[in-house]
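Participant: Chains as they are written, first to last, in the UniProt record's numbering: chain S, 1 to 755; chain G, 1 to 352.
Hint data in this document are derived by calculation from the structure and do not stem from the laboratory. Note that the Cβ used here is the ideal one computed from N, Cα and C, for glycine as well. Certain hints may be false.
Unchecked claim - DSBU-like, lysine-lysine: derived pairs with alpha carbons at most 35 angstroms apart:
#1 K95/S - K604/S
#2 K423/S - K288/G
#3 K202/G - K670/S
#4 K288/G - K670/S
As the list claims (entries may be wrong) - Covered stretches of chain S, going by a simulated chain G footprint (3 or more residues, C-beta under 8 angstroms):
#5 347 to 353
#6 468 to 481
#7 608 to 622
#8 672 to 680
#9 744 to 750
What the hints assert, rightly or not - Quick list of simulated restraints, FRET-style, between CB atoms:
#10 G142/G - R740/S: 17 to 23 angstroms
#11 S430/S - G65/G: 32 to 38 angstroms
#12 E201/G - A69/S: 33 to 39 angstroms
#13 P22/G - A89/S: 50 to 56 angstroms
#14 D184/S - G39/G: 43 to 49 angstroms
#15 A133/G - G151/S: 54 to 60 angstroms
#16 N105/G - P22/S: 54 to 60 angstroms
#17 D184/S - E347/G: 42 to 48 angstroms
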Amino acid sequence: MSEIASLSTGARQRQGSNIGQPMTRRDGVLKVTGQATYAADNNPEGLLHAVVATASISRGRVTHLNVEAARAHPGVVDVMTPQNRPKLAQDPDAKDHPFMFRLDLLQNDRVRYAGQPIAVVIAKTLEAATEGAALLAPTYDAEPAEVGLDGESFVPQVVGPGAPAKAEVGDFDAEYAGSATTLDATYETPAQYHNAMEPHSIVATWDGDSVSIDMPTQGLGMAVGRVAGLFGIPPENIHIRSPFLGGGFGSKGMPAGPQMLGIIAARHVGAPVKLVLSRQQMYGPVGHRGQTRQTVRLGMKDDGHLTAIEHHTLTTTSRFDDFLEPASNVSHTLYAASAIRTTHAGTRIDIGTPMFMRAPGEATGSAALESAVDEAAWKARIDPLDFRLLNYAEVEPISGKPFSSKALRECYAKGADRFGWAKRPLEPRSMRDAGGRLVGWGVGTATFPAIMFQAAARAVIRADGSGLMETGAHDMGQGSWTALHQIAADGLGLSMDETEFRAGSSDLPDAGIAGGSGHTATAGMALHRAGEDVIAKLVELAVNDENSPLYGAGNVGVVARNGRLVRQDDESRGEPYAAILERAGLAEIEGKGSGVPDAGPREKYAMYAHGAVFAEVTVDPELGQMRVTRLVGAFAAGRVINPRMVESQYYGGMIWGIGFALHEEAVHDKRSGRIMNANLAEYHVPVNADVPAMEAILVHEDDPHVNALGIKGVGEIGITGTAGAIANAVWHATGVRVRRFPITLVDVLNGADAG
Amino acid sequence: MNRFEYVRPTSIAEAVAAAGEPGSAYLGAGTNLLDLMKGGVTQPSRLVDLTHLPDLGQIEQLPDGSTRIGALVKNAALAHDPAFAEAFPAVAEALLSGASAQLRNAATVGGNLMQRTRCAYFTDPASACNKRAPGSGCDAIGGENRAHAVLGWSDHCIAVHPSDFCVALTALGAIVEIEGPAGRREVAMTDFYLLPGDTPEKETVLDAGEMIVAVRLPAEAAAFAGNQRYLKGRERTSYAFALASAAAALKIENGLIVEARLALGGVATKPWRVQAAEAVLAGAAPGKEAFEKAAEVAFAEAKPSGDNAYKIALGKRVLARALMMAAAGTPERMPALPASPFAPLPEGVVNV
Chain S
1 MSEIASLSTG
11 ARQRQGSNIG
21 QPMTRRDGVL
31 KVTGQATYAA
41 DNNPEGLLHA
51 VVATASISRG
61 RVTHLNVEAA
71 RAHPGVVDVM
81 TPQNRPKLAQ
91 DPDAKDHPFM
101 FRLDLLQNDR
111 VRYAGQPIAV
121 VIAKTLEAAT
131 EGAALLAPTY
141 DAEPAEVGLD
151 GESFVPQVVG
161 PGAPAKAEVG
171 DFDAEYAGSA
181 TTLDATYETP
191 AQYHNAMEPH
201 SIVATWDGDS
211 VSIDMPTQGL
221 GMAVGRVAGL
231 FGIPPENIHI
241 RSPFLGGGFG
251 SKGMPAGPQM
261 LGIIAARHVG
271 APVKLVLSRQ
281 QMYGPVGHRG
291 QTRQTVRLGM
301 KDDGHLTAIE
311 HHTLTTTSRF
321 DDFLEPASNV
331 SHTLYAASAI
341 RTTHAGTRID
351 IGTPMFMRAP
361 GEATGSAALE
371 SAVDEAAWKA
381 RIDPLDFRLL
391 NYAEVEPISG
401 KPFSSKALRE
411 CYAKGADRFG
421 WAKRPLEPRS
431 MRDAGGRLVG
441 WGVGTATFPA
451 IMFQAAARAV
461 IRADGSGLME
471 TGAHDMGQGS
481 WTALHQIAAD
491 GLGLSMDETE
501 FRAGSSDLPD
511 AGIAGGSGHT
521 ATAGMALHRA
531 GEDVIAKLVE
541 LAVNDENSPL
551 YGAGNVGVVA
561 RNGRLVRQDD
571 ESRGEPYAAI
581 LERAGLAEIE
591 GKGSGVPDAG
601 PREKYAMYAH
611 GAVFAEVTVD
621 PELGQMRVTR
631 LVGAFAAGRV
641 INPRMVESQY
651 YGGMIWGIGF
661 ALHEEAVHDK
671 RSGRIMNANL
681 AEYHVPVNAD
691 VPAMEAILVH
701 EDDPHVNALG
711 IKGVGEIGIT
721 GTAGAIANAV
731 WHATGVRVRR
741 FPITLVDVLN
751 GADAG
Chain G
1 MNRFEYVRPT
11 SIAEAVAAAG
21 EPGSAYLGAG
31 TNLLDLMKGG
41 VTQPSRLVDL
51 THLPDLGQIE
61 QLPDGSTRIG
71 ALVKNAALAH
81 DPAFAEAFPA
91 VAEALLSGAS
101 AQLRNAATVG
111 GNLMQRTRCA
121 YFTDPASACN
131 KRAPGSGCDA
141 IGGENRAHAV
151 LGWSDHCIAV
161 HPSDFCVALT
171 ALGAIVEIEG
181 PAGRREVAMT
191 DFYLLPGDTP
201 EKETVLDAGE
211 MIVAVRLPAE
221 AAAFAGNQRY
231 LKGRERTSYA
241 FALASAAAAL
251 KIENGLIVEA
261 RLALGGVATK
271 PWRVQAAEAV
281 LAGAAPGKEA
291 FEKAAEVAFA
301 EAKPSGDNAY
311 KIALGKRVLA
321 RALMMAAAGT
331 PERMPALPAS
341 PFAPLPEGVV
351 NV
């Protein structure tokens with residue numbers, strides 16, 4: 001059944017297609033009235049509460065847990081530890097494919113990062129479980145922890161989810177050595193945590209060998225696969241509902257260890273169990289963005305043309321698994337140079353495994369590359385926008401492939417015009433506001449690949465002429481319920497109100513993963529194809545039926561419009577879907593479709609969304625305090641399904657870029673390895689007062705190659721370009737180049753004092 | 001379990017009697033205390049809920065011209081009280097620069113005075129902290145201490161006092177009215193907080209069972225209304241604690257400073273009145289030169305307690321700027337970003 005009630009949100013005049021219309025969220029009223037049921041809102045009969053006890057050391061062994069004290073606490077039902085945890089069908093440390101991450105499921109007494117689950121207390125109330133967890137009072141055999149970038153490094157085979165760690169075109173060493181001007185600069189980015197508003201949670205109910213699960217996930221299909229593997233049960237025995245997510249940003253892409261512990265706990269106690277992480281517990285077992293130290297070397301001619309680009313990234317991963325932030329790879333695509341070399345190295349530290357986090361690689365890599373390009377532009381005394389245009393990549397530099405479409409010039413032009421960039425003085429420290437504060441302007445180029453995964457969808461037209469579209473898609477808050485519904489309705493030639501749209505459940509056709517900014521393209525294409533399929537079947541019925549006004553119209557073509565099939569050469573001749581089904585004696589007709597990347601065009605073309613972000617930063621020259629006062633982004637990402645949602649995605653990404661540039665950092669105590677700011681008071685993200693007047697410009701772009709709908713994806717690109725633009729604006733304001741993120745007032749003051 | 005008794009007294013006398021029990025804690029809005037209890041940082045055995053007591057929610061003008069603020073007045077209510085904000089604009093500005101609107105709507109005056117440090121080692125029960133567990137040591141020393149104190153710290157504790165409100169109160173010579181088992185007494189804000197020394201767990205002069213009933217601003221404090229500001233340097237534009245802040249109040253007559261009242265926040269283990277710096281300003285012409293000199297004097301004793309030497313330079317600049325802003329005159333309207341460097345600046349204040 002549908003996970004969201006159909007809501008009337010007032011009269012809406014449909015103008016042509018639904019695609020392209022700025023529809024408000026279909027689930028908006030449910031959310032703002034508290035009727036949207038998030039995973040942890042479910043309370044099945046007989047529910048017990050589980051609380052995870054976590055390690056306070058970063059490396060070592062648990063030597064004792066006071067299980068007796070916890071068990072003795074009133075309301076505590078049981079305590080699950082490595083001693084009594086039910087057997088699993090699969091070792092949590094097994095790894096069969098790059099999207100499979102090793103989990104901490106109480107397999108032994110080892111502690112490999114602070115915040116690792118070491119026991120689970122199950123009780124009749126949340127309070128009793130919480131107290132039970134506290135009573136465990138663990139003791140440890142602690143070993144020295146390492147949490148920085150300075151340990152022993154290694155050269156990985158792959159980075160990110162499986163990209164080559166090294167790529168090269170041309171002869172970098174020769175080009176760099178022969179350059180008229182060079183830049184060699186090293187940038188650092190800290191560990192960052194996703195901090196979705198909704199913590200990771202799960203409600204699990206077993207019935208024999210079947211399990212019913214409510215949990216937020218960005219990948220229902222993969223979650224089913226992981227649960228099936230761990231518990232040794234067939235996928236059809238697993239039913240996961242995930243209608244709403246309070247944000248995911250990559251941290252809910254793969255099932256997290258604590259969520260799996262909730263399922264294990266439910267099996268252990270033989271009752272439904274709810275497990276919800278606290279904010280603090282989200283700093284450890286649910287992924288983060290790894291630290292990076294990136295060295296960018298640029299060589300250029302006297303006229304500012306880049307000849308050589310090298311981007312090397314050293315990044316952290318855990319002691320026990322690999323996820324290496326593929327930061328260098330952003331240098332494959334953005335700027336033309338005859339020689340490009342990108343490399344990566346990793347270092348293992350005592351942390352939870354890093355994970356996909358909004359624009360993994362692109363966000364960190366772009367912050368460094370855009371800073372370096374800005375530094376090079378200044379060396380050449382060329383306006384940083386002109387410098388970027390001078391080095392504009394007409395084809396993808398690393399591969400030589402043409403772009404499937406690239407409206408970046410228009411992004412630069414529209415953004416610059418709106419921002420007033422033409423008035424920017426070349427020299428830093430040359431603008432002030434009315435109060436005497438320093439003002440700087442910076443630009444950054446945004447990019448993100450147009451990725452597609454695999455998705456399936458089912459389309460139905462019912463006897464009454466209404467439609468149903470199903471795909472197990474995920475709405476992380478970005479508006480999938482709405483955008484995909486728009487595509488679904490158009491696929492059936494119906495209005496949105498005539499089209500029931502179902503998503504958010506593993507019982508529906510697999511919609512792939514809501515990640516890589518590819519969900520709308522992938523699930524959208526599946527819906528589009530399912531619509532084509534069901535309409536084709538309907539056409540087949542009509543054109544072969546002597547009693548249909550469309551009889552014999554197969555040759556001229558028939559199209560679906562407003563719930564009717566009509567002749568393409570004369571739209572006045574046709575009939576409603578209902579009439580066709582009625583004559584055929586059918587209660588409904590069904591079609592299927594899949595969304596997959598087209599191998600041919602993907603072989604031939606480089607496919608990316610692009611954008612340009614312009615930032616104004618105001619800096620107090622004496623106090624060093626900084627504030628982004630204006631932000632304009634212009635983005636071209638193929639076809640826009642819903643401009644309202646897309647604009648919001650750009651805003652969200654750009655605001656995260658503010659946080660990346662000026663605020664976000666997980667601070668580890670270097671002795672214990674523990675994160676000392678694992679809460680939203682001390683782990684700073686931008687607050688309203690940090691978010692300036694901002695504007696996102698949607699630049700028109702037609703892409704005939706990415707997919708039939710022309711969709712690229714908008715979920716992640718906003719954060720790229722923005723952090724660099726802000727760093728560059730800080731430099732332009734102050735003359736101080738800070739190469740460590742987040743840029744703090746101390747950096748600015750120290751830089752000003754030094755310079 | 002951290003089982004605690006919950007007591008809801010109906011009079012101050014009842015409250016004081018109830019809190020005489022060892023391990024008791026007074027509960028105001030609980031915006032800080034309840035978090036600490038949930039985090040296992042403090043474990044009071046009895047909560048004495050003051051929020052239902054009558055008569056502690058008033059802002060009154062007393063016959064002697066002083067202003068008396070009841071301990072249960074909400075931070076937001078005080079900051080937005082027109083008469084109060086007109087008489088003590090820097091106090092209102094400090095209040096509005098603290099926490100978030102939601103917290104200010106809940107938090108009380110007495111609770112603000114009694115809030116605990118945000119030192120991460122204090123709030124993390126797995127860390128050593130002499131304030132939380134006397135004698136256990138101080139993991140902030142040698143740890144992540146960018147935000148820690150450069151004034152007033154000891155080898156036992158380097159944590160800063162987090163309040164903005166108390167800084168402005170301290171500058172203006174506020175007096176704390178205390179009720180306790182031995183009756184009523186009054187203590188100046190400057191004497192209310194203790195230096196950590198070797199007993200950092202003992203933060204105030206309050207004895208067991210004693211409670212704050214009111215804070216009083218003396219009549220003479222209102223004489224500074226025309227030239228007073230609070231300025232707060234921090235890492236984001238709102239909802240962040242001060243790295244360095246200052247309250248500056250000046251009485252200016254015939255172009256000369258007659259009297260100055262100065263206090264520092266975010267840099268010291270308690271709200272830090274700087275009377276030596278005030279003395280420098282008495283009789284001086286307002287201006288950059290005098291203000292920078294006062295700032296030097298204010299931080300003469302400062303020394304880094306870790307990775308925080310920047311706070312000395314920053315603190316001096318914040319104080320000098322607060323003085324420049326105060327000298328320029330209290331703004332007619334509260335800035336939209338109170339105490340922020342990004343609030344509108346009087347002309348000529350920034351000249352670097």
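Participant: Each of the hints needs a verdict: does it hold here or not?
Facilitator: Consistency of the hints with the structure:
1. K95/S - K604/S: Distance ~32 angstroms between K95/S and K604/S Cα, so the pair holds.
2. K423/S - K288/G: holds (33 angstroms)
3. K202/G - K670/S: The given pair, whose Cα atoms are some 29 angstroms apart, holds under the 35 angstroms limit.
4. K288/G - K670/S: violated (41 angstroms)
5. 347 to 353: Check failed, 0 qualifying residues.
6. 468 to 481: violated (count 0)
7. 608 to 622: Held - the region 608 to 622 of chain S has 4 residues with a Cβ nearer than 8 angstroms to chain G, which meets the minimum of three.
8. 672 to 680: Since three or more residues must qualify, the claim that chain G covers the region 672 to 680 of chain S holds, with 4 doing so at under 8 angstroms.
9. 744 to 750: holds (count 5)
10. G142/G - R740/S: 17 to 23 angstroms: Holds, since G142/G and R740/S (Cβ atoms, about 22 angstroms apart) stay within the stated range.
11. S430/S - G65/G: 32 to 38 angstroms: violated (52 angstroms)
12. E201/G - A69/S: 33 to 39 angstroms: At 27 angstroms between Cβs, range violated.
13. P22/G - A89/S: 50 to 56 angstroms: holds (54 angstroms)
14. D184/S - G39/G: 43 to 49 angstroms: About 46 angstroms separates the Cβ atoms of D184/S and G39/G, which means 43 to 49 angstroms holds.
15. A133/G - G151/S: 54 to 60 angstroms: violated (32 angstroms)
16. N105/G - P22/S: 54 to 60 angstroms: violated (35 angstroms)
17. D184/S - E347/G: 42 to 48 angstroms: For E347/G against D184/S, whose Cβ atoms are near 43 angstroms apart, the range 42 to 48 angstroms holds.
When held up to the earlier numbered hints, the structure conflicts with 4, 5, 6, 11, 12, 15 and 16 and fits the remainder.
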